[in-house]
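Protein chains in written order, with this note's numbering: chain A, 1 to 323; chain B, 324 to 735; chain C, 736 to 1069.
In case anyone wonders, no lab produced these hints; they're calculated from the structure. The structure displayed is predicted, hence computed values, not measured ones. Every residue, glycine too, gets a C-beta built ideally from N, C-alpha and C. Wrong hints could be hidden among the right ones.
Said to hold, decoys possible - Covered stretches of chain A, as calculated for chain C (at least 3 residues, CB under 8 Å):
| hint | segment |
| --- | --- |
| 1 | 14-27 |
| 2 | 30-37 |
| 3 | 79-93 |
| 4 | 142-148 |
| 5 | 261-269 |
Claimed, not checked - Chain B residues, not near chain A, derived (Cβ > 12 Å throughout):
| hint | residue |
| --- | --- |
| 6 | R407 |
| 7 | G424 |
| 8 | S497 |
| 9 | A503 |
| 10 | R535 |
| 11 | A585 |
| 12 | A616 |
| 13 | P630 |
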Amino acid sequence: MATGRGAIARLVGRRLLRTGAVLLLVGFGVSFLINLTPGDPAFALLGDQATGEQIAAVHQQLHLDDPFLSRYWSWMIGIAHGDFGTSYLTGEPVLTAIAARLPVTGELVLLALGAALAIAVPVGVLTAHRADGRVDRAWSVASSGLISTPPFVLALGLVYLLALRVGGFPATGWVPAADGLGANLHHAVLPAATLALALVPTYSRMLRADMITTLQEDYILAARSRGLPVRRILFRHALRPSSFSLVTLTGISIGQLISGAVVVEVLFALPGVGQLIVTSVTAKDVPVVQGVVMFLAVVYCAATAVTDVAYGYLDPRVRIRPA
Amino acid sequence: MSVDARRDPRPPAPLLAVDALTTILPTRGGALHAVDGVSFTLGAGEVLGVVGESGSGKTMLARTVMGLAPPAARTSGSVRFAGRNLLDARPRDLREVLGPGLAMVFQDPATALNPVTRIGRQLVESLRLRRGLDRRAARDQAVGLLARVGIPDPERRAASYPHELSGGMRQRVSIALAVACGPRVLLADEPTTALDVTVQRQILDLLADLQRGEGMGMLLITHDLAVVAERTERLMVMYAGQIVESGPTPAVVRAPRHPYTAALLASTPRLDRPIHARLDTVPGQPAIPVDPAAGCRFAPRCPRAQPRCRRESPRPTTVTGPITLASDAAAPTRAHTVACFHPTPPATPDAIPTATLTATLTATPGATPIATPTATPTAAGTPGAPDPGGLHGQPVRVPPPAGRLDAGGDAP
Amino acid sequence: MTTTTPAPDGGATGAAPDSTGAGRPGGTAETRQSAVTGTGETGERGETGETGARRRPGLPRGLRGLSRWLALGWIALVVAAAVVADLLPLRPYGAIVPGVGTRTAPRWAAEFLGTDAIGRSVASRVVYGARESLLVGVGSAALAMAAGLVTGIVAGYFRRWVDAAISLVLDALLAVPALVLLLAVAAVGRRGTVTIVLGLAVVGMPSFARLARASTLAIVDRPYVDAARVLGTGPWRILRREVLPAVLLRLSPFAFVFMAFAVVAEASLSFLGLGVPPPAPSWGGMINDGRPYLDGDPYLVFIPALCVFLTVASFTVVGDHARRRFDSRASGLR
């Protein structure tokens, strides 16, 4: 019998190799970005009134006169050493800028992920258990509506209802966790809820679909034939084998969460990574855009790789014959 | 079968009494009468066989008895276990019975075990939740159960996932799960169909051993007539949702009266025939009872069918055996009964004109049974006490070697 | 386990178009798999007539039909408005409505959707905004589909290293969150519709390509393609005559789902102030402009928001229906 550990190690190894290749390619595209700027990129950065001297300085700073491949390579070497570039406007290293804003985005994303799963799992299980029942149909309509609602519309709806009409939640602003966890969470509720609500419909539908399949398996019938309580069968026996797709989806939706965070951070005026990239794009601060894009790609790849490995742990069969 | 039963002419109060059980499933084509008016009883320590082709409703019968019919199914009749009708019991009450009362072994152990849970955990769960054992006791008990069903090195095996075991081992585990709460009745639904031929006998021996050791009643469901012939006292032949013939196993096997039973027997390999003898197959396709019309369901395939068979549905009629009141639910299965207007003649086929047979058969209770006494020597009024002679001239149950089972016989 | 990146066709989740403007359109490849295993009732189960996995949340058939007609109606309305906007008796979208103050609430008599913060006609801006949304949606869908079709078919037909190389590039494109990729394109491009369309095409291409690749793999193994090959037909001719039409048919429902996604993405970008430059109207921009007045004049936000919502929902409903019809036709043939 093949030992699980070896198989997992192989799995992780292959995964890492592919992730590395993907990131090299992303880096290629990202460093090529600056070549895509119409005209001289220095003009885009400096505006039309730039002097020749300033332009020459920018060219040197961004290695614009180097051949593309050597610029790409030195940029990637920098990334590998944790140098994600330097903001042209502020002179601040990009990684420092990200690090200052990451706690906000990280908290937001994790809160949203947790909340989305906390809502979607019971909803998915119950709608699968009583498929085509009244709750299932009602949720089907409601989730269709939620799916068609862009996050910023959802956020404005929540702000309008909970911050302006009912009151009690701040419409904008952020309090760092260091200044009091209560105030911090209070400010995080609406943005996190926005992100979570956008995920709940896809999560719950995915789980419902897989759960319905699982509930028809013989081992569920066998568990019932042993007189186990329904709730236990649903949550202990059926949930885990039904959750593989959901786990994969959760990893993928990190990307969706990051995209959502960009919008939500701007809307709620939160000092996060999303805010950083939007202001950089507006200011045409290309080095920061490049650094943040690369950083987010790394985060996304890491998240999906982790879910893939988690998948291996969740389904013992994968350990024997890796897919 | 105990010796007492032989002395006492009255049958013991049955543990499980199923009466006129019907399960109708809505399908796209119409109402599928998967189980149609099935009645039988099962006492403690008794083994009752159910034989039929796939699709004859055997599995649905077992599921309905367990109260596990699909939600869309409409059921009627009654399933009385220990005096309580399970069919209209509340889910909570039904759950109380499942496990310590009724338990089931499923056909395919590859799908009947949770693939993502270690087998020890699955056992421990049942033991803790249903028998209230604490963690340590449940753990010990689980290992004990695995040993009991013949899993070698049970301590270590408890940490295995189902996919790490062979088919035979998996079925042993699923049997362990079924008997974990000490059920009084075990429904074994094709317990060997999905297994290698070499392992089938071991599993059947294990079931027989457990059944006798615990004094369980057992319903052994199979498509293999040879299996029931060897291992049951009574048997029912199921066709298209209905019981077409039932009675003491030796009687039915030696002198099948329903043409379908006869055809099934002819298609079963037998030791007393030349090895290369050609097996007869039952001609035609099994009937699917969707919106069934009146008439015998076997008629389209039956070589003996007459116009009447297509018009009227034959009712189970006693061929031989004790004559009891019709109201006794036990009657249909204690005696040799057949649901056929033109049954196969008992001893010398084709000797007796069909018309004579029918006339005799449809006679009122009390008429002399027409079966030749030599064919069914035990049919003379000792219900539930069949002759220990089977299809192969062997005892009905082949007792496995006493004590330890053939543990590890099918180890990977 | 190649499901680390999203693929089009939401399968079990009912094409669950996470057109929430944030993620990529479509579910995952995994979903597709589970849909396949789930619908196959087999053996004893099918025989006993257990009504199989009713996978999609069940709306009554009548209600579903109604929602489809409403969706088609709304799309027709938006298309008509976008096409004939210049012919409608509307005020110029950039001009201040004379005789009516700024932020006048909707009223039938004066200005039926009211005026915005500067005093411009909301009705006019909504209609011209529809043109922008539709242009971006259709344009980017067409571009993404064309590019995805070519790459996907080439990968699926030639396989080997071509497939490996293309798959890696697609993975790289999918490794950057959709809106972030769009922002990156916006960072270097000129502000305007062309940049948005191009950016969205880049974002959407991998999803189309993956779907095209999978469909190609399924089609190439069919006997009639083999027959063509045996008869000496060249690869490009086979691709054009046999593969392309079939893959196109498979992809077309997803185009609707992608359009829903594109409408949201365009609105998001405009909302972030990176869409078409003012004074050109766009729904996302209008929502952004109305934000400061959310408390007193919520209609400034919610009228364009409703337009976005209805358009997205309509494309989703239509795409979902198209996919289901396609699926049932495919299974009917087999």
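Hints breached by this structure: Going through the list in order, the structure violates hints 3, 7, 8, 9 and respects the others.
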